[in-house]
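Q: The residues making up each chain are set out below.
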Amino acid sequence: MNPLAPVGRATLSLFEAIGRLLLFAALGLSHCVRPPFYPRLIWRQMIEIGFYSLPVVGLTAIFTGMVLALQSYTGFARFSAESAIPSVVVVSITRELGPVLASLMVAGRIGAAMAAEIGTMRVTEQVDALTTLSTNPYKYLVAPRLIAGVTMLPILVIVADTIGVLGGYLIATFKLGFNPELYISNTINFLQVIDVVSGLVKAAVFGFLIALMGCYHGYYSKRGAQGVGAATTNAVASAMALILIFNYVITELFFSR
Amino acid sequence: MSALDTNLVPKIEMRNIAKTFGTKAVLRDVNLSIAPSESLVIIGGSGTGKSVTLKCILGLIQPDKGRIAIDGQETIGLRGREREAVLNKFGMLFQGAALFDSLPIWQNVAFKLIQGQNMKKTEARDVAVQKLEQVGMRADVADLFPAELSGGMQKRVGLARAIAADPEIIFFDEPTTGLDPIMADVINDLIVQCVKDLGATALSITHDMASARKIADHIAMLHEGRIIWHGAVADIDQSGNPYVDQFIHGRAEGPIQMAIRS
Ligand SMILES: Nc1ncnc2c1ncn2[C@@H]1O[C@H](COP(=O)(O)OP(=O)(O)OP(=O)(O)O)[C@@H](O)[C@H]1O
Ligand SMILES: [Mg+2]
Numbered sequence: 001m002n003p004l005a006p007v008g009r010a011t012l013s014l015f016e017a018i019g020r021l022l023l024f025a026a027l028g029l030s031h032c033v034r035p036p037f038y039p040r041l042i043w044r045q046m047i048e049i050g051f052y053s054l055p056v057v058g059l060t061a062i063f064t065g066m067v068l069a070l071q072s073y074t075g076f077a078r079f080s081a082e083s084a085i086p087s088v089v090v091v092s093i094t095r096e097l098g099p100v101l102a103s104l105m106v107a108g109r110i111g112a113a114m115a116a117e118i119g120t121m122r123v124t125e126q127v128d129a130l131t132t133l134s135t136n137p138y139k140y141l142v143a144p145r146l147i148a149g150v151t152m153l154p155i156l157v158i159v160a161d162t163i164g165v166l167g168g169y170l171i172a173t174f175k176l177g178f179n180p181e182l183y184i185s186n187t188i189n190f191l192q193v194i195d196v197v198s199g200l201v202k203a204a205v206f207g208f209l210i211a212l213m214g215c216y217h218g219y220y221s222k223r224g225a226q227g228v229g230a231a232t233t234n235a236v237a238s239a240m241a242l243i244l245i246f247n248y249v250i251t252e253l254f255f256s257r
Numbered sequence: 001m002s003a004l005d006t007n008l009v010p011k012i013e014m015r016n017i018a019k020t021f022g023t024k025a026v027l028r029d030v031n032l033s034i035a036p037s038e039s040l041v042i043i044g045g046s047g048t049g050k051s052v053t054l055k056c057i058l059g060l061i062q063p064d065k066g067r068i069a070i071d072g073q074e075t076i077g078l079r080g081r082e083r084e085a086v087l088n089k090f091g092m093l094f095q096g097a098a099l100f101d102s103l104p105i106w107q108n109v110a111f112k113l114i115q116g117q118n119m120k121k122t123e124a125r126d127v128a129v130q131k132l133e134q135v136g137m138r139a140d141v142a143d144l145f146p147a148e149l150s151g152g153m154q155k156r157v158g159l160a161r162a163i164a165a166d167p168e169i170i171f172f173d174e175p176t177t178g179l180d181p182i183m184a185d186v187i188n189d190l191i192v193q194c195v196k197d198l199g200a201t202a203l204s205i206t207h208d209m210a211s212a213r214k215i216a217d218h219i220a221m222l223h224e225g226r227i228i229w230h231g232a233v234a235d236i237d238q239s240g241n242p243y244v245d246q247f248i249h250g251r252a253e254g255p256i257q258m259a260i261r262s
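Quick note, the sequences are listed as chains Z and W, same order.
The numbering of the first sequence is our numbering, which starts it at 1 and goes up by one.
The numbering of the second sequence is our numbering, which starts it at 1 and goes up by one.
Since the hints were derived computationally from the structure, they do not count as laboratory data.
Predicted model only: the values in this text are computed from it and were never measured.
A portion of the hints provided could be inaccurate.
Claimed, not checked - The calculated lysine to aspartate or glutamate pairs, modelled on DMTMM-like cross-linking and capped at a C-alpha distance of 25 Å, are:
{"hint": "1", "chain 1": "W", "residue 1": "65", "chain 2": "Z", "residue 2": "128"}
{"hint": "2", "chain 1": "W", "residue 1": "120", "chain 2": "W", "residue 2": "101"}
{"hint": "3", "chain 1": "W", "residue 1": "89", "chain 2": "W", "residue 2": "123"}
{"hint": "4", "chain 1": "W", "residue 1": "24", "chain 2": "Z", "residue 2": "128"}
{"hint": "5", "chain 1": "W", "residue 1": "196", "chain 2": "W", "residue 2": "133"}
{"hint": "6", "chain 1": "W", "residue 1": "121", "chain 2": "Z", "residue 2": "128"}
{"hint": "7", "chain 1": "W", "residue 1": "120", "chain 2": "W", "residue 2": "133"}
{"hint": "8", "chain 1": "W", "residue 1": "89", "chain 2": "Z", "residue 2": "128"}
{"hint": "9", "chain 1": "Z", "residue 1": "222", "chain 2": "W", "residue 2": "64"}
{"hint": "10", "chain 1": "W", "residue 1": "196", "chain 2": "W", "residue 2": "148"}
{"hint": "11", "chain 1": "Z", "residue 1": "222", "chain 2": "W", "residue 2": "101"}
{"hint": "12", "chain 1": "W", "residue 1": "65", "chain 2": "Z", "residue 2": "16"}
{"hint": "13", "chain 1": "Z", "residue 1": "222", "chain 2": "W", "residue 2": "174"}
{"hint": "14", "chain 1": "W", "residue 1": "24", "chain 2": "Z", "residue 2": "16"}
{"hint": "15", "chain 1": "W", "residue 1": "89", "chain 2": "W", "residue 2": "74"}
{"hint": "16", "chain 1": "W", "residue 1": "121", "chain 2": "W", "residue 2": "133"}
{"hint": "17", "chain 1": "W", "residue 1": "120", "chain 2": "W", "residue 2": "84"}
{"hint": "18", "chain 1": "W", "residue 1": "214", "chain 2": "W", "residue 2": "189"}
What the hints assert, rightly or not - Partial list, computed: chain Z residues near chain W (C-beta under 8 Å):
{"hint": "19", "residue": "126"}
{"hint": "20", "residue": "129"}
{"hint": "21", "residue": "132"}
As the list claims (entries may be wrong) - Simulated restraints on C-beta separations:
{"hint": "22", "chain 1": "Z", "residue 1": "7", "chain 2": "W", "residue 2": "209", "range": "50 to 56 Å"}
{"hint": "23", "chain 1": "W", "residue 1": "253", "chain 2": "Z", "residue 2": "13", "range": "41 to 47 Å"}
{"hint": "24", "chain 1": "W", "residue 1": "197", "chain 2": "Z", "residue 2": "14", "range": "52 to 58 Å"}
{"hint": "25", "chain 1": "W", "residue 1": "189", "chain 2": "Z", "residue 2": "52", "range": "44 to 50 Å"}
{"hint": "26", "chain 1": "W", "residue 1": "84", "chain 2": "Z", "residue 2": "224", "range": "26 to 32 Å"}
{"hint": "27", "chain 1": "Z", "residue 1": "71", "chain 2": "W", "residue 2": "102", "range": "40 to 46 Å"}
{"hint": "28", "chain 1": "Z", "residue 1": "224", "chain 2": "W", "residue 2": "182", "range": "31 to 37 Å"}
{"hint": "29", "chain 1": "Z", "residue 1": "43", "chain 2": "W", "residue 2": "46", "range": "55 to 61 Å"}
{"hint": "30", "chain 1": "W", "residue 1": "143", "chain 2": "Z", "residue 2": "108", "range": "30 to 36 Å"}
{"hint": "31", "chain 1": "W", "residue 1": "18", "chain 2": "Z", "residue 2": "14", "range": "46 to 52 Å"}
We put the beta carbon where it would ideally sit given N, CA and C, even for glycine.
So that you can see chain W by itself, here it is in the shape it has in the complex (with noise of 0.2 Å):
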């Protein structure tokens, strides 16, 4: 019976989120589930609100309507514990790293072992070493400070860090921009072996359809603030959406118009 139950209850659910900066538009009604142990992928032009809708769900930032729930219990407006215990879930591996500057390589990875579950700092370090070695990185980094590494060494130490307590959930914002392809796939792997074998639901963000279709069960595409398509990975191609269609193709013309005019 309580099999069944956490098969119907949704990992994650939106309902009619929105959010607008200033005068700006942003999310205008996102309806987004996500089963558990599925992973899916967003996809969308630059500046859509991607990002966005992770951090809605993270709590980061408080949308301006709509409801969130997690594993079935509501979170917007939580606070303390409560709040701390729904975060505890989560993995998050940002755009742009966010790696702590002030601590190096090991304690970065290693940040929610030691701070949030007390475990000793030697035990941590063998952890932290042993999830590089899983993003393809080896063990002499792990005394460098983040500002020593290239943009694609801190993204792999981000994903590290993202996985290094083992989350029932993941958010991958832009797993594989700025790797070169080899080291792409290998990420790429990573995801998949964290859904199949931990069980993990994931959420990716990512521009790169080869990694969407390698890492993807279904496949979501924002556009105006509105999920306009949601289906499973091989239903892409022929989703008979046009706006699906000219993202996937990466064609210039078509229904979407980017903005280049300044």
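Extracted from the complex, chain Z is given alone in its bound form (with noise of 0.2 Å):
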């Protein structure tokens, strides 16, 4: 047998899984702005991603506000530089660590909640329904949950971001002694609009891979439950793979120059 065969056929399916999802995503978009809309299953997405995501996001960034201002004191001190801690809590909060940080949380929780959902439709032939039906599964259950991700992700990434700054200002203020007006000025008089702008470019891109790796792999789902069990989880691995990924690609692009 020739060595390089199981090569060539593993490149192809690479290809192939590619092409298939680059054409998964380009039909999802077009559904989304082609009518008819279901605003109901709209909404009723924006709620799942939006609303009942608030609790963990909201969790993950007081924390996070939290340690940031306590491991930059600590860090800061031994330079006497006490005083950027205000500026570096809500730069890598808007910048980086609300957007990346929240999507995380969101991709295991709704990634996996899509795929699952998706996938049972699948198995089941409740899609194969749809499609008999005369309604198209793209514009029934893709494209509501595209947008529903690309609207509510910035959304509660600003709640993040406020939450997450004020994280570092009640350790800065209780903990660590510093002048609640002067922190807050500090922290206003820093903050630039790209840093916030950025962020919320991330978490619409964000929310977008996130839904769409739900859909794609519920979508494509194999049969039984163990194929809607491996889409479950590779629908949230490959999110948080693409969320790392992008994020890196959206800094070089926002912020190299």
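Could you use the hints to bring the two separately framed chains together as a complex?
A: Below is the structure:
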């Protein structure tokens, strides 16, 4: 047997998978902008993603802000640079930690739920049933999730940013003896529009990726309970990996010149 | 002239359909044509590809080769609106019912009316309740969810959903499996009524020969990826085909060898 054959097969199936994913994404997006729309379904997904993720995102954000203030204090105190703490906290949170950590948490929650739900519909032939009832599954299942992902993640990240900065503020003022007014004015003076905007752009992209991975893996779920289980795991793992990769790419686009 | 035309053009025509999954050739060369307002029943052993045949016609599975025409219109490769227009003619009962478990029963039944035809919800609900009554279910199940029903009840809801929009062509994948004998006969009558009263074309799959004899005009037998016999229901006992004879009498001995070794 040709020793290169397995390599060739693996490469081919990789390209096939990428092509299938890109086609899926393009079809899903095209149905986001073409009527008919399903406002009720979009709304339900928005509640699911936006509202029910608030506790986990808030918890992540507050402890991240707190630990950030504490860590930078122990580090910066060595150089007597404690006054940089408000700016370090706000920039780290808005640019990186807010969007990335919130999205990773949502990926675990929502990516899994979407893949499990659509995957179950696939293996019980509900997706086929949709088609025979003259309803396009991309429009009915995929588009509402993509729309909700892209719109809700930025809102969640605004919340995460606020709570994260609040966490830093609490530690700095109550534990580290900062002057509250000074901390707030330092934070506001240092913060630039681009910090927040880049973070929100990231959030929108990450929201799209989470929903895309959840829908894609569910839609192409293999048959049986094992198939749905694998789809769920793959949806979460691939969404998390893509979030980290795209985080670097977007940061590069915004800040390297 | 045009009336004559519609009699000549088969409602559904399959030519040389083949489908392989991985290395397993399920359909090898299926040829089948169904006239308008005809009721055809497909019989055949478990796993011979009867459900796959229906899904090929609906375009849910892409055959590897062959042609399929609905009302004379080639349907393989149709996309978007054209495909939707073709699918609009169909109603389908899935073997596993395939009810939407996030929707209550009545919304399942009225799904196509609400989503496809923009019917008002109150009106659609009335239609749904009426269809549920046709399949022998009382109005009080309308607000339950599919998971709250027994398997046979889910099957009947699936049936009500398939006929709710009065389709021209109805596919029934094992409509009476899992039903008690009395309810099975109610469903047989319902299928006959759909074909006779609405003039629908019906394609059913069943293992229940009593049901097949009752609902079919013609019977086709699928075996090893081909239609090995196709004839009028009255001729099935004199088919002269040993495969058909073995199947309709349910004998373990005969030309069809079941794979019972694991
Ligand atoms: N999507 C699919 N992917 C892979 N294999 C499939 C798929 N659908 C069907 N098959 C295979 O095709 C064969 C025929 O399946 P099909 O469901 O058509 O059988 P059937 O004739 O309807 O049997 P039954 O009477 O038990 O319902 C089976 O071996 C099945 O495993
Ligand atoms: Mg079947």
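Q: So, for every hint listed, does it hold in this structure?
A: Results of checking the hints against the structure:
1. W:65 x Z:128: Measuring from Cα to Cα gives roughly 21 Å; hence the hint holds.
2. W:120 x W:101: 22 Å, holds
3. W:89 x W:123: The hint holds at about 21 Å.
4. W:24 x Z:128: OK: residue 24 of chain W and residue 128 of chain Z at ~22 Å, within 25 Å.
5. W:196 x W:133: Cα-Cα ~19 Å, so holds.
6. W:121 x Z:128: 24 Å, holds
7. W:120 x W:133: 20 Å, holds
8. W:89 x Z:128: 16 Å, holds
9. Z:222 x W:64: Satisfied, since the Cα-Cα distance of roughly 20 Å is no more than 25 Å.
10. W:196 x W:148: 33 Å, violated
11. Z:222 x W:101: 20 Å, holds
12. W:65 x Z:16: OK: residue 65 of chain W and residue 16 of chain Z at ~21 Å, within 25 Å.
13. Z:222 x W:174: Answer holds: residue 222 of chain Z to residue 174 of chain W is near 24 Å, not above 25 Å.
14. W:24 x Z:16: Distance of about 22 Å is within 25 Å: holds.
15. W:89 x W:74: Answer holds: residue 89 of chain W to residue 74 of chain W is near 14 Å, not above 25 Å.
16. W:121 x W:133: Holds - the C-alpha atoms of residue 133 of chain W and residue 121 of chain W are around 18 Å apart, at most 25 Å.
17. W:120 x W:84: 21 Å, holds
18. W:214 x W:189: The given pair, whose Cα atoms are some 8 Å apart, holds under the 25 Å limit.
19. 126: 5 Å, holds
20. 129: Cβ of residue 129 of chain Z sits 4 Å from chain W, so the hint holds.
21. 132: Status holds, d = 4 Å.
22. Z:7 x W:209: 50 to 56 Å: 54 Å, holds
23. W:253 x Z:13: 41 to 47 Å: 45 Å, holds
24. W:197 x Z:14: 52 to 58 Å: 55 Å, holds
25. W:189 x Z:52: 44 to 50 Å: Because 48 Å falls inside the window, the suggested range holds.
26. W:84 x Z:224: 26 to 32 Å: 30 Å, holds
27. Z:71 x W:102: 40 to 46 Å: 45 Å, holds
28. Z:224 x W:182: 31 to 37 Å: At 34 Å between Cβs, range holds.
29. Z:43 x W:46: 55 to 61 Å: Cβ of residue 43 of chain Z to Cβ of residue 46 of chain W: about 44 Å, so the range 55 to 61 Å is violated.
30. W:143 x Z:108: 30 to 36 Å: 34 Å, holds
31. W:18 x Z:14: 46 to 52 Å: Roughly 28 Å apart at Cβ, these two residues miss the hinted range, so it is violated.
Violated hints for the displayed structure, listed by number in ascending order: 10, 29 and 31.
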